[in-house]
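Input sequences plus hints: build the corresponding full structure.
These protein sequence lines are chains X and S, in that order. In terms of UniProt numbering, the first sequence opens at residue 1 and continues consecutively. In terms of UniProt numbering, the second sequence opens at residue 1 and continues consecutively.
Do not take every clue at face value.
Claimed, not checked - Heads up, incomplete: computed chain S residues facing chain X, CB under 7 Å, no partners named:
#1 Y43
#2 R70
#3 K93
Hints were generated in silico from the structure; no laboratory data involved. Virtual Cβ for every residue (Gly too), placed ideally from N, Cα, C.
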Amino acid sequence: MSRLGRVGVSFAAATLPGPVRDRYREEWLADLAGAPDAGVRPSGVVLGALLFSMTLGRTAPEITGVPLGVTVRLRARWGVAFLAAAGVLWFGSYFLGGGPSLLVAVSFASAAVATALTLLGIAQLWRAALSASALAVVTAALVTASIGCVVAWVILEARDSLLLGGAFAFIVAAGICGLIVTSSAPPVPAFPVLRSTKHVGTTVAAATVALAALLVLGAVDLLVWSPLAQTEGLRLDEIYAGLSAPDRILGISHIVLWVVFWFAAAATFAVAMTIAGRRRGVSRRTVVTIALGLAAAIVFFQFWAGFSLGMSIADTLPPYRGGISGFGYLYALVGQLCLVGAILLSIAPRRMVGPAGIEPTTSTV
Amino acid sequence: MQPLTRITPATVDVLMSLLDEAGSRTWGLEIVRRCARPPGSVYPILERLERSGWVESAWENDDSRTGPRRRLYELTADGATAARAAVTAFAAKAAASGAHRTQPLGSSA
Numbered sequence: 001m002s003r004l005g006r007v008g009v010s011f012a013a014a015t016l017p018g019p020v021r022d023r024y025r026e027e028w029l030a031d032l033a034g035a036p037d038a039g040v041r042p043s044g045v046v047l048g049a050l051l052f053s054m055t056l057g058r059t060a061p062e063i064t065g066v067p068l069g070v071t072v073r074l075r076a077r078w079g080v081a082f083l084a085a086a087g088v089l090w091f092g093s094y095f096l097g098g099g100p101s102l103l104v105a106v107s108f109a110s111a112a113v114a115t116a117l118t119l120l121g122i123a124q125l126w127r128a129a130l131s132a133s134a135l136a137v138v139t140a141a142l143v144t145a146s147i148g149c150v151v152a153w154v155i156l157e158a159r160d161s162l163l164l165g166g167a168f169a170f171i172v173a174a175g176i177c178g179l180i181v182t183s184s185a186p187p188v189p190a191f192p193v194l195r196s197t198k199h200v201g202t203t204v205a206a207a208t209v210a211l212a213a214l215l216v217l218g219a220v221d222l223l224v225w226s227p228l229a230q231t232e233g234l235r236l237d238e239i240y241a242g243l244s245a246p247d248r249i250l251g252i253s254h255i256v257l258w259v260v261f262w263f264a265a266a267a268t269f270a271v272a273m274t275i276a277g278r279r280r281g282v283s284r285r286t287v288v289t290i291a292l293g294l295a296a297a298i299v300f301f302q303f304w305a306g307f308s309l310g311m312s313i314a315d316t317l318p319p320y321r322g323g324i325s326g327f328g329y330l331y332a333l334v335g336q337l338c339l340v341g342a343i344l345l346s347i348a349p350r351r352m353v354g355p356a357g358i359e360p361t362t363s364t365v
Numbered sequence: 001m002q003p004l005t006r007i008t009p010a011t012v013d014v015l016m017s018l019l020d021e022a023g024s025r026t027w028g029l030e031i032v033r034r035c036a037r038p039p040g041s042v043y044p045i046l047e048r049l050e051r052s053g054w055v056e057s058a059w060e061n062d063d064s065r066t067g068p069r070r071r072l073y074e075l076t077a078d079g080a081t082a083a084r085a086a087v088t089a090f091a092a093k094a095a096a097s098g099a100h101r102t103q104p105l106g107s108s109a
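So, in C-alpha cells, the structure goes:
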C-alpha cells in the first residue's frame, strides 16, 4: 500500500460528511491494502474513492446523520451569514477607497474576500433552496437577482436608478418569500450543539483588554494623528491653538464622551460576562461575539466622535479639507472585520455534537 | 426499503454479483473484481443500494488480518427479492431491444 495511495483515500474520506468519514476511510484503506489480492489496481481504488467523494449526495439523512430539514436550515443560515458578512465588506471597501496605497491594496483584498463570501452565500442559499421547496427556489432567485442588480450598478458603473430600485424590490420580495418559507416549514428536532464554557474568564479578560486598547488607540488617533494628517506642516500645539475655544472644547468633549461611554460599556461587558461565566451561563463563542460587536460599534462611533473636531480643523486651518489619518483607515478596516466576525458567529450555525459518529442507518455495525 | 430510481447495466452487474453470493457477505473489492468494473463505478452503486435498504454492510471480523478492516456487503431479504426482479426485468428489456447484453458473471470476459 503506497503512501501516496493512503494519502489519496484519506483525502477523499476527509471531504465526506462527519458521520460517514471514518467508515469510508477504513473501508478504502482496507481495499487499498487488499487490492493486489483482488486483482484490482490500487490507483483504481484511489480514483474510485475520489469519484465517490465527489458524487456522493450529501443531503441524505443517512449520510449527514441529521434530517433533511435540519441540513436545509443549516445551509440557509450559512448562506445568510456569508451574504451579510459580504455586505459589510462591500460597503467598507466602497467607503474606504482612496486611502494610502498600502490600504488601497488592503481594500482590494477586502473586496476579493467579499466576492468570495458573496458567491459562497449564493451557493449555500441555492443548495438549501433546491432541497426545500419551489418557493424557497424563488427566494434564492430573488436574492440572486437583487445582488445582480447591485453588482451591475457598482461594478459595471451602470448608474441607473432602476437597478437600485430593482435590487430593493427583489430583496424585499425575497424577505417576504423567505418569511413564508421559514414559517411554513415543518418543525425539526433540535440537536445538541457544541458549547464550550471552558476558559470563559480568560476570554473575557483578553476581550476587555482588546476593547480598552481599541479605545485608547482610537482616542489617540482622533486627538493626535488625525489632526496632524488633516493639516500641512503644523505642529499639534499650533493646530489646537488655531481653533477657537468653543470649537476646541466641543470637539474634544465629543471625543471624551465617546471614550467614557465605551469604557463604561466595556467594563459592563467584563463584569456581566465574568459573572455569567462563573455560573456557566455563557459560552466562549457568545463572549467573543459580543466583544466583536462592541469593537465594531466602538469603531463606527469613533468616526462620529471625531467629526466635530475634524470639521472645525477643516474650516479653520489650511489646506481646509477633511480627512482621516492612515491609522484611521486601518482602524475602520479593523471595525469592519470585527463586524464580519460578529455576524458570522451570531448567524452561522454552531457545530452539532449529536450526529457525529452516527453510522448510516442501513449498516449493521 | 426504497425502490431504485434508475438501474444501469453497472447496477445490474453489482446486483448479480451479490445474488451469486446470497446468504453470505462479500468484500466490496471482491464485488469490484467480479463485476470487472472500476471501483469508481461500483462504490457509488453500493452506497446507493445500502442507503435504499437493498444491501447491508458490516466490518469483517477476521482476527488473522491486521490493519484496517474490510467492509462486507450482503443483500437484505427484501433486497434479494427486488434484485432478482430487477435483474430479470433488465435482461428481458435488453433481450427485447437487443441493444445491450450483460456479460454473465464468472464467465471469461
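### Message
Hints numbered earlier in the text: which of these fail when held up against the supplied structure?
### Response
Of the numbered hints, just 3 does not hold.
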